[in-house]
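Please arrange chain B on chain A, whose structure you already have, making use of the hints.
One line per chain: the protein sequences are A and B, in this order. Just add 17 to wherever you are in the first sequence, counting from 1, and you've got my numbering. Just add 1418 to wherever you are in the second sequence, counting from 1, and you've got my numbering.
What the hints contain is simulated information worked out from the structure, not anything from laboratory work. Wrong hints could be hidden among the right ones.
The list that follows gives simulated cross-link-like pairs (lysine-lysine, DSS-like), each with its CA atoms no further than 30 Å apart [claimed, not checked]:
| hint | chain 1 | residue 1 | chain 2 | residue 2 |
| --- | --- | --- | --- | --- |
| 1 | A | Lys138 | A | Lys66 |
| 2 | A | Lys65 | A | Lys138 |
| 3 | A | Lys138 | B | Lys1613 |
| 4 | A | Lys165 | B | Lys1613 |
| 5 | A | Lys398 | A | Lys361 |
| 6 | A | Lys167 | B | Lys1613 |
| 7 | A | Lys190 | A | Lys33 |
| 8 | A | Lys33 | A | Lys188 |
| 9 | B | Lys1613 | A | Lys49 |
| 10 | A | Lys203 | A | Lys165 |
| 11 | A | Lys167 | A | Lys204 |
| 12 | A | Lys398 | A | Lys49 |
Covered stretches of chain A, going by a simulated chain B footprint (3 or more residues, C-beta under 8 Å) [said to hold, decoys possible]:
| hint | segment |
| --- | --- |
| 13 | 113-120 |
| 14 | 134-146 |
Stretch-level coverage of chain B by chain A, calculated; a stretch enters the list once three of its residues show a Cβ under 8 Å from a Cβ in chain A [said to hold, decoys possible]:
| hint | segment |
| --- | --- |
| 15 | 1526-1533 |
| 16 | 1615-1622 |
Just so you know, even glycine gets a beta-carbon here, dropped at the ideal spot from N, CA and C.
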Amino acid sequence: MATSARDPQLTFEPWKDADAQPYVRIDRVTKKFGDFIAVDDVSLGIYKKEIFCLLGASGCGKTTLLRMLAGFERPTAGRIFIDGVDMTEIPPYERPVNMMFQSYALFPHMTVEQNVAFGLKQDRIAKAEIAKRVADMLEMVKLGQFAKRKPHQLSGGQRQRVALARALVKKPKLLLLDEPLAALDKKLREHTQFELINIQETLGVTFIVVTHDQEEAMTLSSRIGLMNHGEIVQVGTPTEIYEYPNSRFVSEFIGSVNMFEGRLVEDEPSFVRIESDDLEMPIFVDHGVSSAPGATVWAAIRPEKMLISRVRPEGADNWTAAKVRDIAYMGDMSIYLLLLPSGKVVRVTQPNVYRHADERITWDEQVYLHWAPSSPVVVTK
Amino acid sequence: MKLPGLKRLGLSGRALVAAVPQFWLALFFLIPFVIVLKIAFSDAQIAMPPYQPLIEWVGEKALHIKLNFANFAFLVEDNLYWKAYLNSIFVAAVATLICLLIGYPMAYAIARTSPSTRNILLLLVILPFWTSFLLRVYAWIGLLKNNGLINNALIALGVIDQPIQMLQTDFAVYVGIVYSYLPFMILPLYANLEKLDLTLLEAAADLGSRPWEAFLKVTLPLSLPGIVAGCLLVFIPAVGEFVIPALLGDPGMLMIGKVLWTEFFNNRDWPVASAVAIALLLFLVIPIMFFQRAQDAESSAGGRR
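Same shape as in the complex, but just chain A (with noise of 0.2 Å):
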């Protein structure tokens, strides 16, 4: 799931090399309705053919920060830069900045050749050069036999790819994607999500992506902005964000986790021993942990990070005895509820290696689960 189309190297990390300077950088940025902070003191710098995606629930401020971006909201306190200039108080038709809406908002008087020259037209650039690019957008976007059409005579994954091309029709040094894919099914969703990552690539334009949608986020973007009420609470690649959440927020909001509350009893600088009233043995993680001893830590361990056994594990450490309370199946793998002795449920799942369903672990089966000393990820808050 965290990897993508992108190159497997991972050599494209801007924000590794402490001479880049970010091409958009939100400087201190809070907006507020009333008295509802929508965006709380948010700096942020994205680079160059970045594809940053704001990751978040529904009412976390991602749109607000994006409309900020575009011009629609003014900022209640501090700055946006795109490419070193002061874009804050720009109206949105004097920004370079494009962006795609979440229903389209398609003009629906227009066919789709004029809803994709109408920000051409609107620079005055020249009719003959205005049918070119209009023309050879629609060809990227696989459009060209649709040009005469009105917008309530596409499909909605047509319609989606009529917003791309006239958001990218006058070459935005940033585009903003508002939930791009939200409206499409799943199957087209997927096709559509490789399709954006190749366009972003073939244009190199830079994008920022809103989306609730966690999955879309991991297989999109280059790093993952995840915001909680108004704050951005982790930014990373969808790797850091998958495997190093820095918080119980982070690590529950993406992906599911079994979450263990316990006390910090053994704290060296590589290792940490943590002791959970869930379990009986304690946890035994190999890395350390900034946190005084004695001090209440929760140990987060994936789903797929845990592993049943009908052998009882050696060691004094990383195992408990438990009992299959449920098992979704679900074809390439299983999902696997277990009861621990304390009472706590864990969520464990599994690949279904073996065809024949005699040789699966199944209902009611006393089994132990144990991990390795690196699957767990010990964070303080």
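Relative to chain A, chain B alone:
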């Protein structure tokens, strides 16, 4: 609800419901129309009723039908009628344009206010309907006459020292028509503008349109069906308007509604009056057909969310 008894008679509930307005229209529109049409083709005579029958038994076994086209020919020959028709259309067109220029910003403003204020403003638009139309036109006499409210106020303020002649002028007729029919312009425009998806304006702004460009390129074309509906709702009744020019206008002002009234009640020439009415109806049916077509176009262009 099932009505098996009706089914046996070959009637469905749906057909019955549709039959009620059809019966109403037949009784109060179609039959009177046929009577007027019949009178329009008959000869005038000084009698009661003041026209000769169209269909008559003469002697034995002979049906005598006499269609008199002279009344219609008369409308063409006497340029009084031409002038009255053209003047009515001109007055109605100018009044419609003024209504549009006043009504569009009002409808736009109402559609953009918060929903709670919106209802109050809409109520204010239709509030005049709670008073009789005739009374409201009479009220304008009180406002516009030489020693009326407006002139007295202007004199008292020292703006003028002689009253301005407003009553019995074309100006008064325009005031009356615009005042009376403005709600018919505002309501369909409001209904249209209220539906407008505001993200379309954001999209236009995002693509480089200043607010007024976005208005011209997005709001205005999309509100065209509302403009057509409002204009027809004002124009059609304004063409045949009788009360307003009769009460507020110059007695010499030629309006087809007034001509009709004069033919009917002063000249007692029912056949010519009927011919005037039929011709007027034809003048009005054509715009209604345009109206229908515009509405069809709008409903088939629907499907936008």
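Query raised in the report: What hint numbers does the structure not satisfy?
Result: 15
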